[in-house]
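Kindly produce the complete structure, drawing on both the sequences and the hints.
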Amino acid sequence: MEIDPFIFRLSIFILSIFIGYYVVWSVTPSLHTPLMSVTNAISSVIIVGAIIAGLAGNSDSDFTISNILGFLAISLAAVNIFGGFLVTQRMLQMYKKKKKDK
Amino acid sequence: MIMSANLSAIFYLISGVLFILALRGLSSPETSRQGNFFGILGMTIAITVTFLSIGSFSTGLIYVLIFLLIGGLIGAFIAYKIPMTAMPELVAGFHSLVGLSAVLVAISAFLNPEAFNLGSIGNIKLASLIEMSIGAAIGAITFSGSIIAFLKLQGIMSGSPITFRGQHLLNALLLILIVVLTYLLCSTQSSNFFWILLAISFLIGFLLIIPIGGADMPVVISMLNSYSGWAAAGIGFTLENSALIITGALVGSSGAILSYIMCKGMNRSFFNVILGGFGATEQSESSRDKEHRPVKSGNAEDAAFLMKNASSVIIVPGYGMAVAQAQHALREMVDTLKKNDIKVTYAIHPVAGRMPGHMNVLLAEANVPYDEVFELEEINNDFANADVAFVIGANDVTNPAAKSDPQSPIYGMPILDVEKCKSVLFVKRSLSPGYAGIDNDLFYKENTLMLFADAKKMTEEITKNL
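Residue numbers (this note's numbering), protein chains in the order written: chain V, 1 to 102; chain U, 1 to 466.
Because the hints were derived from the structure by calculation, they are not lab data.
Honestly, I wouldn't trust all of these hints.
Straight line, CA to CA, 27 Å or less: simulated BS3-like cross-link-like pairs of lysine-lysine [said to hold, decoys possible]:
| # | chain 1 | residue 1 | chain 2 | residue 2 |
| --- | --- | --- | --- | --- |
| 1 | U | K338 | U | K420 |
| 2 | U | K343 | V | K98 |
| 3 | V | K96 | U | K420 |
| 4 | U | K339 | V | K98 |
| 5 | V | K96 | U | K338 |
| 6 | U | K464 | V | K98 |
| 7 | U | K456 | U | K343 |
| 8 | V | K98 | U | K338 |
| 9 | U | K343 | V | K97 |
| 10 | V | K96 | U | K456 |
| 11 | V | K97 | U | K338 |
| 12 | U | K339 | V | K96 |
| 13 | U | K456 | V | K98 |
| 14 | V | K98 | U | K308 |
| 15 | U | K403 | U | K296 |
| 16 | U | K445 | U | K403 |
| 17 | U | K308 | U | K343 |
| 18 | U | K403 | V | K97 |
| 19 | U | K339 | V | K97 |
| 20 | U | K339 | U | K308 |
| 21 | U | K403 | U | K420 |
| 22 | U | K81 | V | K96 |
Listed below are several chain V residues computed to face chain U (Cβ distance under 10 Å; list not exhaustive) [said to hold, decoys possible]:
| # | residue |
| --- | --- |
| 23 | M1 |
| 24 | D4 |
| 25 | S37 |
| 26 | N40 |
| 27 | I42 |
| 28 | S44 |
| 29 | G57 |
| 30 | T64 |
| 31 | I68 |
| 32 | A78 |
| 33 | G83 |
| 34 | R90 |
| 35 | K98 |
Over 12 Å on every C-beta distance to chain V, these chain U residues come out as not near it, computed from the model [claimed, not checked]:
| # | residue |
| --- | --- |
| 36 | F271 |
| 37 | A300 |
| 38 | D302 |
| 39 | N309 |
| 40 | D382 |
Where is the CB? At the ideal position from N, CA and C, for every residue including glycine.
As structure tokens, then:
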């Protein structure tokens, strides 16, 4: 009997939860704010679905509601991707060690 | 050229792995910047592969790029302009966007299932329909919940809890209704149930967050962070996309762990926080009597004198420092102290501020080296040997009642042992009790000096007097 592909996706999902569990526990508490902003940015990989929705179907310029919702979702996710990664970068740049010459 | 489904699946897997590395990098500040780069790379791969796998470029492509650009510019602008003190609001706002885009993608897939290989309208695959409903419902809850959190953090909405009779019963009924609606949607394929499901989910997000007070925001933000992950994972199952499933699981567990850490920092159970209403209670009789006890209050000169004669000082920052934007002034004060060969360290309570790590970011912004900043368990033993504790904008996290008074609402909460210091300086605007609505015995101690002023002004004045 064949295994439903859903089971494979479920396996990926469950194993990723475990990976997330161990990886996040090893994040140093002083970087918890950047952790939140970067998880925000990466969860916007949902833009993949938005792009598919935006480009779905027709080749002429008649857009369905489905396309338009896709466009909107692209914008929202893009705000998050650019905003999330850049603000994380900005924060991480501020974390400095004590200067040795002092 | 159209990329084969197998090849693009491999690339999605690669971007999923890069996202894991992005989080892994955050285990230390040195590797964190590289981690962020991995994240950006993973995202670039995911977006590029999506374009290549669709292949047939119609006029729609131009629109996609325009909308991508508009969003990107807005995001970049916000990222450069936002002050570090506003980080909790920003994160809450960003969560709402993830939630809303999950909802939009789910609606789009529901209206045009062929484009996503999910069947046809009125005949969508059962599994996809369930995944879609879950993704859309969690997305909607994340959206409206984050909006409320944002409004509370921004001060547009009052931070005090809004409670009413039958609140929990209503929430429970609505949650059951969601399950029922999902079942009806699957058995009838009628779009009406889908719309009602969405509307109720928006309502639940709203109702879940209004009873939760301002100082519980660290838990709320972490929780919404987690939800945004589960929403993304739900959509990932619908789209059969491993990058989304991996990311959703990572973000979901990340937010859950942060919520757990925050709850532990307050010694409260997750449900206790979520049910809300904390901090709304009136002060108890006994604490009202204490109001009349004498306190010693001083000015900047007294504080400067105390610190000048100390050999070690521990700084305890709290939300008040963020409100007064006092981090730069604080850093200048510490610089002056260090010139006088006084050892200065910072002690951070896990729930100081309005989000996990809030204080650390503000201190980093003010150029405080991160190896001078310590977490509660690292530094708590040092208070007994320190000469001065300088508490700036914190209150409840130093309250000894958490250890001594079983009647206290914060009993059992881990606190910073500020009381063990030889002398304690409290920068506070007034004697008013903290968020938990309870009096702090420390204010009335023999060796405590209260500095009633705005945190920033007081710190600047102390520096002048050093």
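Going down the list of hints, with the structure as the test:
1. Note on U:K338 and U:K420: the hinted pairing holds, with a Cα-Cα distance of about 22 Å set against a maximum of 27 Å.
2. Annotation: proposed proximity of U:K343 to V:K98 holds, straight-line Cα distance about 14 Å (limit 27 Å).
3. Of the pairs offered as hints, the one joining V:K96 and U:K420 is violated, with about 30 Å between alpha carbons and a cut-off of 27 Å exceeded.
4. Pair hint U:K339 plus V:K98 holds up; C-alpha atoms about 15 Å apart against a cutoff of 27 Å.
5. Between V:K96 and U:K338, the direct Cα distance comes to roughly 18 Å. Compliance with the 27 Å bound is thereby established for this hinted pair.
6. The suggested pairing of U:K464 with V:K98 holds, with an alpha-carbon distance near 25 Å, which does not exceed 27 Å.
7. Between U:K456 and U:K343, the direct Cα distance comes to roughly 22 Å. Compliance with the 27 Å bound is thereby established for this hinted pair.
8. A C-alpha spacing of about 13 Å is found between V:K98 and U:K338, which places the hinted pair at or below 27 Å, so the restraint holds.
9. The straight-line distance between the Cα atoms of U:K343 and V:K97 is roughly 16 Å, inside the 27 Å bound, and the hint therefore holds.
10. For the proposed pair V:K96 and U:K456, the alpha carbon gap of about 23 Å is at most 27 Å, so the pair holds.
11. Of the supplied pair hints, the one linking V:K97 and U:K338 holds, its CA atoms being roughly 16 Å apart against a limit of 27 Å.
12. About 20 Å separates the Cα atoms of U:K339 and V:K96, which keeps this hinted pair within 27 Å; it holds.
13. Between U:K456 and V:K98, the direct Cα distance comes to roughly 24 Å. Compliance with the 27 Å bound is thereby established for this hinted pair.
14. Using a Cα cut-off of 27 Å, the hinted pair V:K98 and U:K308 holds, with the two alpha carbons roughly 23 Å apart.
15. For the given pair, U:K403 sits about 24 Å from U:K296 by alpha-carbon distance, which is consistent with the 27 Å threshold.
16. Taken as a hint, the U:K445 and U:K403 pair is honoured in the structure, with Cα atoms around 16 Å apart against an allowance of 27 Å.
17. Between U:K308 and U:K343, the direct Cα distance comes to roughly 11 Å. Compliance with the 27 Å bound is thereby established for this hinted pair.
18. For the hint linking U:K403 to V:K97, the alpha-carbon distance of about 35 Å lies beyond 27 Å, and the restraint is violated.
19. Between the alpha carbons of U:K339 and V:K97 the distance comes to roughly 18 Å, so the proposed pair stays at or under 27 Å and holds.
20. A distance of roughly 11 Å separates the Cα atoms of U:K339 and U:K308; the hinted pair therefore holds under the 27 Å criterion.
21. Taking the CA atoms of U:K403 and U:K420, the gap is near 13 Å; set against the 27 Å cutoff, the hint holds.
22. Of the supplied pair hints, the one linking U:K81 and V:K96 holds, its CA atoms being roughly 21 Å apart against a limit of 27 Å.
23. Violation of the interface hint for V:M1 is found here, the shortest Cβ-Cβ separation to chain U being roughly 17 Å, above the 10 Å cut-off.
24. For V:D4, the suggested interface contact is upheld, since its CB lies about 8 Å from the closest CB of chain U, less than 10 Å.
25. Against a cut-off of 10 Å between C-beta atoms, the interface hint on V:S37 holds, since the closest Cβ of chain U lies about 6 Å away.
26. Here the hint on V:N40 is kept, as its CB sits about 4 Å from the closest CB of chain U, short of 10 Å.
27. Nearest Cβ of chain U to the Cβ of V:I42: about 5 Å, under the 10 Å cut. The hint holds.
28. Using the Cβ-Cβ criterion of 10 Å, the hint placing V:S44 at the interface with chain U is satisfied: the shortest such distance is roughly 6 Å.
29. Hint on V:G57 holds. Least Cβ distance to chain U is approximately 6 Å, under the 10 Å limit.
30. A cut of 10 Å between beta carbons decides the hint on V:T64: the least distance to chain U is about 6 Å, and the hint holds.
31. Interface restraint check for V:I68: the shortest CB-CB distance to chain U comes to about 9 Å, inside 10 Å, so the restraint holds.
32. Look at V:A78: its Cβ gets to within about 3 Å of chain U, closer than 10 Å, so that hint holds up.
33. Taking 10 Å as the C-beta contact cut-off toward chain U, the hint placing V:G83 at the interface holds, the least distance being around 3 Å.
34. Among the interface hints, the one on V:R90 holds; its C-beta lies about 6 Å from the nearest C-beta in chain U, closer than the 10 Å criterion.
35. Taking 10 Å as the C-beta cut-off, the interface hint given for V:K98 holds, the closest approach to chain U being about 4 Å.
36. At the 12 Å boundary, the C-beta of U:F271 stays outside the reach of chain V, the nearest C-beta of that chain being 21 Å off.
37. With a cut of 12 Å on Cβ distances, U:A300 stays outside the contact zone with chain V, its closest approach being about 26 Å.
38. Consistency note on U:D302: stated as away from chain V, and its beta-carbon is indeed over 12 Å from all of that chain's, at 29 Å minimum.
39. Once the 12 Å rule is applied to beta carbons, U:N309 is consistent with being away from chain V; the minimum gap is 23 Å.
40. Under the 12 Å C-beta cut-off, the non-interface status given to U:D382 relative to chain V holds; the minimum distance is some 17 Å.
Hint violations for this structure: numbers 3, 18, 23, all remaining hints satisfied.
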